[in-house]
Amino acid sequence: MSVNQSNGERKFIEEGWFKDFAEGTALMGIRCEACKKVFFPKKEVCPECFDGELREVPLSKKGTLHSYTLSVMGIPGMETPYVVGFIDLPEGIKLFSVIKDCEPWDKVLKIGMEMEMVIGKIRSDESGNEIISYQFKPTHKETR
Amino acid sequence: MREVAIIGIGGTKFGKHTNRSIRDLALEACLKAIRDANIKPRDIQIVYAGNAVQWEWGQGLSIGQPVLRELGLTQVPITRVENACATGSCAFREAWYKVATGACDMALAFGVEQMTVADSSKMLTIVTGKQFAEREGDMGLSPPALFALLARRHMEEFGTTREQIAMVAVKNRKYGALNPDAQLRTAVTLDEVLNERMICDPLTLSQCCPRGDGAAAVVLTTKKLAKKYNSTPVYVAASVQVSGTYPDDRSFTFFDPDVRGAKAAYEMAGLGPEDIDLAEVHDCFSPAELVHYEDLGFCKKGEGGRFIEKGLSDRGGKIPVNMSGGLLSKGHVLGATGVSQIIEVVRQLRGQAGERQVEGAKVGLQHNAGGFIHTDTGTCVIHILKR
Chain Y
186 MSVNQSNGER KFIEEGWFKD FAEGTALMGI RCEACKKVFF PKKEVCPECF DGELREVPLS
246 KKGTLHSYTL SVMGIPGMET PYVVGFIDLP EGIKLFSVIK DCEPWDKVLK IGMEMEMVIG
306 KIRSDESGNE IISYQFKPTH KETR
Chain E
73 MREVAIIGIG GTKFGKHTNR SIRDLALEAC LKAIRDANIK PRDIQIVYAG NAVQWEWGQG
133 LSIGQPVLRE LGLTQVPITR VENACATGSC AFREAWYKVA TGACDMALAF GVEQMTVADS
193 SKMLTIVTGK QFAEREGDMG LSPPALFALL ARRHMEEFGT TREQIAMVAV KNRKYGALNP
253 DAQLRTAVTL DEVLNERMIC DPLTLSQCCP RGDGAAAVVL TTKKLAKKYN STPVYVAASV
313 QVSGTYPDDR SFTFFDPDVR GAKAAYEMAG LGPEDIDLAE VHDCFSPAEL VHYEDLGFCK
373 KGEGGRFIEK GLSDRGGKIP VNMSGGLLSK GHVLGATGVS QIIEVVRQLR GQAGERQVEG
433 AKVGLQHNAG GFIHTDTGTC VIHILKR
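Those protein sequences? They're chains Y and E, same order as listed.
Under my numbering, read the first sequence as residues 186 to 329, first letter to last.
Under my numbering, read the second sequence as residues 73 to 459, first letter to last.
Hints are computed from structural coordinates only; laboratory data are not their basis.
The reader is advised that the hints may include incorrect statements.
[What the hints assert, rightly or not] Okay, derived cross-link-like pairs now, DSS-like style, lysine-lysine, Cα gap no bigger than 25 Å in a straight line: (1) E/LYS104 <-> E/LYS434; (2) Y/LYS295 <-> E/LYS296; (3) E/LYS202 <-> Y/LYS227; (4) Y/LYS204 <-> E/LYS202; (5) E/LYS202 <-> Y/LYS306; (6) E/LYS104 <-> E/LYS296; (7) E/LYS295 <-> E/LYS112; (8) Y/LYS292 <-> Y/LYS247; (9) Y/LYS196 <-> E/LYS202; (10) E/LYS390 <-> E/LYS373; (11) E/LYS194 <-> Y/LYS306; (12) E/LYS296 <-> E/LYS434; (13) E/LYS434 <-> Y/LYS228; (14) E/LYS202 <-> Y/LYS222; (15) E/LYS434 <-> E/LYS382; (16) E/LYS85 <-> E/LYS104; (17) Y/LYS196 <-> E/LYS382.
Can you make the complete structure from the sequences, with help from the hints?
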């Protein structure tokens, strides 16, 4: 996993959440081989059936927008205002996420629209490190 | 289970008490409740003390004993309770449970919180943490953002409007102005609310509860003993506590613990929403109150916006809600909030609510939600009280 040392460190919010593949970095979930339910993040046991063997699986990079808001008041370390939302993945997982590349947010964003995952900086921590996590952006925008 | 009665209530004014000690705040509430109950401190056999966090520096130890020592109430079991925003209701419920099951005959529950001593920029870091698997609080989620997400989805699915959501603040501040113990005692107009500073769209400032300092206390005993001390006991018809299921595959327009909790509470009381004369519900942010109307069965799913617009949750309506002014007027004083909701219902049922009295109220419901985990509240506590 690539980590730049330029201005402070680039740190994944949770190291274990991501895995590198030929086609890029993916957010990882867990699938229970018995009940077939998928969870994020990883679990020690299947919380649904407490039975099956768990297998790590990359999660879909596309989902639909469940809800969104402009956060004018934000959490420490994040530049305000920023847009956040819930994204529904086809695996039946709901992810809370920062939403990028959606200006003007109140015109661009529509509940139910397709969104795609990107990996990038979400905020800085107290020591000036860049905290990296997944984010989503509307699919219809041109990929840079 | 034995029938339990509330015979004493007492609380401080909610607001800014930065220069008083947390012990002093709790002491004032306990003393008022004990005097109101017409008992001596040593008549109390068990105590549950609700306190979520000691905010100036993080977590604290022992809140009950240092307070009750001041009243000479020593030796008996005293336990602190923490359950996020439902802390106070859980303390009350533990006290109720001990009396109901016969473990003791007289119990005290109090809740206290002193939040203005905290640096506001650090408050969010106290409520998030690595115990939450999805780390949402570290990725941009704040409490108002969460309720804004609830509002936006509700608007989309049911046609709820910004105006209807803002009406919660207008109604609650109207009654907060009549409550001497509330923190914000000025009414606001719909135009003012809609045009205020935006916090998380569509929530403006008055649609978000302020923090505060304060305490509230309640004395409970058996139905049999109640009459000896108090001529207007209020009985606990139902006490229910449930936790969340945190589902992913659901529409973010309701709180499942509230739906399950309400069903269990009505069953336990042998009553339905049609029997409720007034309710104190957890209006931490304005959309929450509309959703609670639906989840508690006051109206059909999706009708919350129209329920308030028609005045059905106002005094004179179907079920007057938050006649205390709610959290939006009182402030959300975490440990004290649930107990103060119970106090308001007791005042209403005793006919002692002054200018905000709901005439002839016989049955009241109290609802307190606690904590947020992924897509669900962590805890929901519901009490139904009757005269």
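Check your understanding: Is E/LYS295 close enough to E/LYS112, meaning Cα to Cα at most 25 Å?
Key -> 18 Å, holds
Check your understanding: Are the Cα atoms of E/LYS202 and Y/LYS306 separated by 25 Å or less?
Key -> 19 Å, holds
Exercise for review: Mind checking the alpha carbons of Y/LYS295 and E/LYS296 for me, to see if they're no more than 25 Å apart?
Suggested key: 59 Å, violated
Point to revise | Hinted pair Y/LYS204 and E/LYS202, Cα distance within 25 Å | key: 21 Å, holds
**Study point:** Hint consistency between E/LYS194 and Y/LYS306 [alpha-carbon to alpha-carbon, up to 25 Å]
**Key:** It holds: about 22 Å lies between the C-alpha atoms, which stays within 25 Å.
Exercise for review: Could you grab the alpha-carbon distance between E/LYS434 and E/LYS382 and see if it respects the 25 Å cut-off?
Suggested key: Between E/LYS434 and E/LYS382 the Cα gap is close to 23 Å, so the pair holds against 25 Å.
Check your understanding: Within 25 Å, alpha carbon to alpha carbon, are E/LYS202 and Y/LYS222?
Key -> 24 Å, holds
Check your understanding: Holds or violated: E/LYS104 with E/LYS296, Cα cutoff 25 Å?
Key -> Holds: E/LYS104 and E/LYS296 sit about 23 Å apart, inside 25 Å.
Practice item. Would you check the hint for Y/LYS292 and Y/LYS247, treating anything up to 25 Å between C-alpha atoms as holding? Key: 21 Å, holds
Review point. Would the pair E/LYS104 and E/LYS434 pass a check requiring their Cα atoms to be no farther apart than 25 Å?
Key: OK: E/LYS104 and E/LYS434 at ~24 Å, within 25 Å.
Review point. Are Y/LYS196 and E/LYS382 close enough, with their CA atoms no more than 25 Å apart?
Key: 52 Å, violated
**Study point:** Restraint check for E/LYS434 with Y/LYS228, where alpha carbons must lie at most 25 Å apart
**Key:** Answer violated: E/LYS434 to Y/LYS228 is near 48 Å, above 25 Å.
Consistency with the previously given hints fails for numbers 2, 13 and 17, ordered from lowest to highest.
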